[in-house]
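Here the protein sequences come in this chain order: U and Y. So in our numbering, spot 92 of the first sequence is number 1206, and the numbers just go up one at a time. So in our numbering, spot 59 of the second sequence is number 60, and the numbers just go up one at a time.
Bear in mind the hints are in silico, worked out from the structure with no lab data behind them. Glycine residues also receive a C-beta, built at the ideal position from the N, C-alpha and C atoms. Hints may contain errors.
[As the list claims (entries may be wrong)] Label-pair ranges, simulated between beta-carbon atoms: (1) Y:Ala18 x U:Lys1136: 17 to 23 Å; (2) U:Ser1194 x Y:Glu17: 47 to 53 Å; (3) U:Lys1136 x Y:Gln96: 26 to 32 Å; (4) U:Thr1213 x Y:Glu43: 31 to 37 Å.
Chain by chain, the residues run as shown.
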Amino acid sequence: DTAVSQTPKYLVTQMGNDKSIKCEQNLGHDTMYWYKQDSKKFLKIMFSYNNKELIINETVPNRFSPKSPDKAHLNLHINSLELGDSAVYFCASRDWTSTDTQYFGPGTRLTVL
Amino acid sequence: GDSVTQMEGPVTLSEEAFLTINCTYTATGYPSLFWYVQYPGEGLQLLLKATKADDKGSNKGFEATYRKETTSFHLEKGSVQVSDSAVYFCALYLQGGSEKLVFGKGTKLTVNP
């Protein structure tokens, strides 16, 4: 009965590859987010979708492309991976109208070699 | 822009010691304030929150009071346990503003037996 789940938990890949991280929430929320946590634990928002529409797009390289096939899913595709993309990526969700509390997934640790 | 400043870590305490982690914020309006906790190898969990001035959030023995006059939301616990070892993040959310959670840099707490 996991609320926000991400796959995979760990991802190790070579520079230049393309990879995807998937996120699903079963909370019935209408808003989902992607965050990046660097090696110093600093958390920064990357994207936010509300009802499948992009509402926040921080200054993220366009190698990163979020895709929301439906309200319960927000996937992150990364092209031409670089060493600096190594980080932990967290998905989160929220019910836009009823609360400002976000619920986080367990994270995906991406290592680019 | 909106920002959160929290005390640099790491913080190391003995079991049953008193804990304070300072957090101050800058925002153009009246944000909601949060403390999230990240246990080793896990995602973030909401620890407590406060939505208006003088509100006190509390959970698991932790407390924080929303102080508008000092723009602060310091986290306290009277007697820490080894199981409290984690990274603690202060965050703000401003509805009608940037519509995103803004995090502090996190404070790592280690509690020794």
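*Hints that the structure is at odds with (numbers, increasing)*: Going through the list in order, the structure violates hints 1 and 4 and respects the others.
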